[in-house]
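*Asks:* Spelled out from the first residue to the last, the chains are:
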Amino acid sequence: MPAFSWNILADIAEQLQYPFMAHAYAAGIIVAIVAGIVGYFVVLRSLSFAAHALSHVGFAGATGAVVIGVSPVFGLLVFTVGAAVGMGLLGKRLHGRDVAIGIVLAWTLGLGVLFLSLYSGYATEAYALLFGQILGISLRDVYITLVAAAVTLAIVAALYRPLLFASVDAEVAEARGVPVQFLSVAFMVVLALAVSEAVQVVGILLIFALLVTPAAITEHVTARPAKAIGLAIVLALAFTLVGLFISFYVPYPVSFFITTLAFATYLGVRLYDWLARRGRLFHRPAQ
Amino acid sequence: MTEAGTDGPSIVFHGATMQLGERTLWHDVNMSIREGEFIAVLGPNASGKTTLMRVLLGLSQLTGGDVHVLGRPPRRGSPLIGYVPQRRTLDPDLPVRGRDLVTMGMEGLHWGFWPGSKADRRVIDEAIKQVEASHYADRPIGRMSGGEQQRLLLAQALVGGPRLLLLDEPLANLDLRNQEAITQLIARVARAGNLTVLLVTHDINPMLPVMDRVIYIARGDMVIGLPDEIITSETLSVLYGAPVQVIRDNQGRYLCSGTIQ
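Read top to bottom, the protein sequences are chains A and B.
Position one of the first sequence corresponds to residue 1 (this note's numbering), numbered consecutively onward.
Position one of the second sequence corresponds to residue 1001 (this note's numbering), numbered consecutively onward.
None of these hints come from the bench; they were simulated from the model.
Be aware that one or more of the hints could be misleading.
Stated by the list, open to error - Using 27 Å as the maximum straight-line C-alpha spacing, the simulated DSS-like pairs for lysine-lysine come out as follows:
1) LYS1129/B to LYS227/A
2) LYS1118/B to LYS1129/B
3) LYS227/A to LYS1118/B
The model shown is predicted, which means the values in this text are computed figures rather than measured ones.
Chain A extracted, bound-state conformation (with noise of 0.2 Å):
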């Protein structure tokens, strides 16, 4: 195997020289800038639970599809795109519902083991689904996702100013006569896209690290909406590829290395927050 260097970028020109590496790198730079732009609102709408819950019933669709005989990701589009619209057409009457959607969650999870189970010789590719299988990655995958990715990235642009208004204040923006029920079904729809996307860098059960952390930490850095979307790709982003450069070199899941470069910048920006608020040690700038 080749070994670490200190010359970063003949590291990365060696890495890319395995196909399985740049497929890696491509597919997680466009799920990353995905995720960053989708997070954004996930955090503002209040939904990492229906995010985390649209993951679950995910991978019940994927396993399920495999049973059929279908492409897994077929089936992973199929059924959280299904459970996305359903969320986002009952809405306000799932407000504090988190009980009744976690006990459907985890049934769904439960129909995902039954599922693995019916088709034997799995197991790799259960353990794909849940923790994610960036390096198994084909140039096929590559252009779906860049594709998926592309039109995810579309309906966004196209809806950004009223989902923004929608979703900071749905009272007045109702009253001004934005559909707001209608972009809370769309943005549900788009989310279930990220979602599915996402999987395939960090799979179902870290889907959090990609979607939500990002978001979550530029919730503490700036108000600004451009700017919070703009530092939560770039946060995505930075994840993803050095988790992925690192574990090159250091054969453990690439997940882990993502899920805990998201944590311990989370866990810096909170601890910074802390003292700032605690010791006034610096002076925070107006933003």
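For this one, chain A is given, so just place chain B on it according to the hints.
*Replies:* For chain B alone, kept in the frame of chain A given last:
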């Protein structure tokens, strides 16, 4: 029920009736509100004050009769109406600045993501200046005081260039000094633009210096008139169907005793 004059009414109700389920909120209402009038809307909880706002905004339909706002039936999303709903506590970590909140009032109605033009930004700056929030508009909205948030919400409503302002309990949860300041601000802004103002409130007294007439909604009836006509022991007792005593203190403030307020 008084009829107003003939100079371009802002709002006109004709035989308007509103029924919600089993309850009749108001019945056969005929009233007319002139342009530039400052109207306080009073009444106990759940009497139909917020529903009145929703009808004017086109979000709810009258069950009988009709209403015209600025000459036409109410239309959802009309840019001619500025709306400041009842305040809710905003998440302190909300990653949105005061300025962004105001910007949304103008930008949030258009699809796409492109930021507005320089002219748009000037309008936003003007609105923020009008509500005297320039020195804190760039702070996160979640960390502002109630009074500061209220000013920015007002700026958000003003940014679309409305002719009618609807405010639902803008003074709730504000201390006395802020109540006075916000009331004066709303009156100033309304005078400057000759805006018609409908302001729902629980307490008439902060409004006394600036308002023209009162709408009182209670138990299926809606009346409009000068405060001296409406807020009297007689009128309120009839409205509530129970003895109500109204006293004025030596500063002209109203104090009610009885089953309400």
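*Asks:* Would you mind marking each hint as holding or not holding in the structure?
*Replies:* Hint-by-hint comparison with the structure:
With a C-alpha separation of about 24 Å, the suggested pairing of LYS1129/B with LYS227/A holds against the 27 Å cut-off. A threshold of 27 Å between alpha carbons decides the hint, and for LYS1118/B with LYS1129/B the separation of about 16 Å falls inside it, so the pair holds. With a CA separation close to 19 Å, the supplied pair LYS227/A and LYS1118/B stays within the 27 Å bound.
In terms of the numbered hints stated before, the structure departs from none.
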